[in-house]
Amino acid sequence: MRLIGGGWRCIVCGVQKIAPARAVIAHERPRSIIGTPPRVAERMLALQASFEADEVIVLSVAASYAARLRTYELLAQAFGLDRADSHERADAA
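In terms of our numbering, the sequence shown has 68 at position 68, counting the first letter as 1, and numbering is strictly consecutive.
Calculated directly from the structure, the hints in this document are not laboratory data. Note that beta-carbon positions come from the ideal geometry of N, C-alpha and C, so glycine has one too. One or more of the hints may lead you astray.
Pairwise CB distance ranges, derived in the manner of DEER restraints [what the hints assert, rightly or not]:
#1 G80 - R22: 32 to 40 Å
#2 G80 - A23: 34 to 42 Å
#3 F79 - A23: 17 to 25 Å
#4 A49 - Y72: 32 to 40 Å
Start from the sequences and build out the full structure, keeping to the hints where you can.
See the structure below:
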């Protein structure tokens, strides 16, 4: 076997295999929204409107907790939300 571009190629049969993480990315990419925070927010709103959904659920697949938290913070900023807003809504409930 020989490593090439994050995957490997069998030197006997020549079959190239993609590393598992890359295979997941390739499989999930069509269902993903990737881009800058404003672009992601724009696409989310477009999907929400096209499906006439009452809510949209976000799932970040970032590798670390800190990266996932930062993803949610950036998205909240893109929607004009901040921590004070979320605490006020929670207190009102």
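Results of checking the hints against the structure:
1. G80 - R22: 32 to 40 Å: Check passed, 35 Å falls within 32 to 40 Å.
2. G80 - A23: 34 to 42 Å: holds, 37 Å
3. F79 - A23: 17 to 25 Å: The hint (17 to 25 Å, Cβ to Cβ) is violated, given that F79 and A23 are roughly 32 Å apart.
4. A49 - Y72: 32 to 40 Å: Violated, at about 22 Å.
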